[in-house]
Every structure is written in C-alpha cells, then in structure tokens.
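Participant: When you get a sec, could you build the whole thing from the sequences and use the hints?
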Amino acid sequence: MTSSSFRSTPSSSSSSRFSTRRSAPAAAVGAVLLALAGCGAQGGGTPAPHATAAASQAARTPVPGPERATASARLLTASGTPAGTAVLTETPNGVEIMAQVQGLTTGLHGFHIHANGQCAPGPDAATGQTVAFGAAGGHFDPGQSQRHGHPGQAADKAHAGELPNISVGSDGRGTVRYVNENITLVPGKNSVMGRAIVVHEKEDDYKTNPAGNSGGRVLCGVIEPAQPSSVVGEKTQAAPRS
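With mature numbering (1 follows the signal peptide of the UniProt record, and there is no 0) applied, the sequence shown covers -37 to -1, 1 to 205.
Calculated from the structure, these hints are not laboratory results.
Mixed in with the good hints, there may be bad ones.
No farther apart than 27 Å at their CA atoms in a straight line, the calculated lysine-lysine pairs in the BS3-like style are these [what the hints assert, rightly or not]: (1) Lys170 <-> Lys120; (2) Lys152 <-> Lys120; (3) Lys120 <-> Lys165.
Bear in mind that the values here come from a model prediction, so they are computed numbers and not experimental data.
Facilitator: The following block contains the structure:
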C-alpha cells in the first residue's frame, strides 16, 4: 500500500490544497438523454422541444447512489470546552478525515486515532501516571505493529491510527484533510467507529514510540455515526452530535 499525500494548513493562511475524486453520474445521465433526444429530432435534425427539456432537467437532478458510511467527533478540551470537530467519510480509497480545531498554540500538533472510545483521565502508557484523556489508550494498531511511524505506512509497519500533524496559525485555528487507507468505518478489525480521536500539545516526529514525542493530549472526541450522504458526487455534510 502506498503512502497517501497530505497537507495541513492553518486557517489564518491559505486554504488546504487537496484533490478528491468525484463521480458525476448526473452529468453522464444527462449526456445519454441528450443523445437520445438527438435521435428523436424533428425534420432536419432539430431536437424535439419536450425531449430537450427532459434531458436538461435530468442533467440538473442528482442521481441516488449507495449510502456512504460517515462519522463525526466533537473535540473537547480536558475541561469539556468544545474546541473543534472531525468528520470522517468512507471512500473507495480509505477514510477521509476532515478536522478543524481552535484555541490551540501556534505550530504543529500531533493528531491520532486511539484504541479506546473514552475521553477521560487515565494512565499514560509510558509513565503510568494519570493524564488527560489517558483512558483513550494507545494509538489504534490493528496490525499489531507496535511501532509509531508516519501516516500512510502499511498497518503492519506502523499504527493504523497515524494521522498528519495539524498546523495551527496565530489565531489558534487549524485544519487538516487526509485519507487514511488503513482504516474503515464499517464493522471489522480495522474499524475506527467508536474509537477516540486525539490532538496532542506538540508536533509528532513520526518516529519516536509510542506517540512521536508529541506531548500531552489536549483535545479528544469519540468517533460516532453521522448522517450519511445518499447522493453520489455530492459533498458529504455531517454535523457533529450535540
């Protein structure tokens, strides 16, 4: 499995660049209907008015498609203050994660999916001391790699829960968008539904066990099912649960 490219950008600067594959079944159906309308032309090749209108209407009408699994997480501070959201969408290439945070220090912040769906204090795996969001456990590692690495590595080479750092601007806000090929939202050992997603206080170096030397856990949210999109090619809108 090859590594996925990713980019995180503070909201105070330029917008995140990314590419997403979009299907356009409505346009394809419209093109077919237009061709059929041409076959039913009157006289010297002029399309029948009712056929043209039908094709035009079809081109504007979204075509229903299979529902995509979606989920969301409401990111909170240790004191329970809302400080961001994460929206996850199942795609043919993995799970797309779009996150936005606020109220953080300027710079890069480690970002990971953790094994347990609990955002409560608990023991730190390295020190045994009780820390904020320690109950979330270690990084999600269904491949039992027991190694911290960079996003996009095979699940048997690094934790499947590795995500790119979030870059936060001087206004305390940041966003990231990334497709993780090693996880899913559907039932199975690689499913992250019901697990925790965590933001750390410092940059992840993508190599140091167990968490990339990214410091304490500053934000946490549990990944829960969200309303899926039923239109192929339309951008999924999923609001976090209140």
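Participant: Does each hint hold? Answer for all of them.
Facilitator: How the hints compare with the structure:
no., hint, verdict
1, Lys170 <-> Lys120, "11 Å, holds"
2, Lys152 <-> Lys120, "16 Å, holds"
3, Lys120 <-> Lys165, "23 Å, holds"
The structure is consistent with each of the numbered hints, conforming to all of them.
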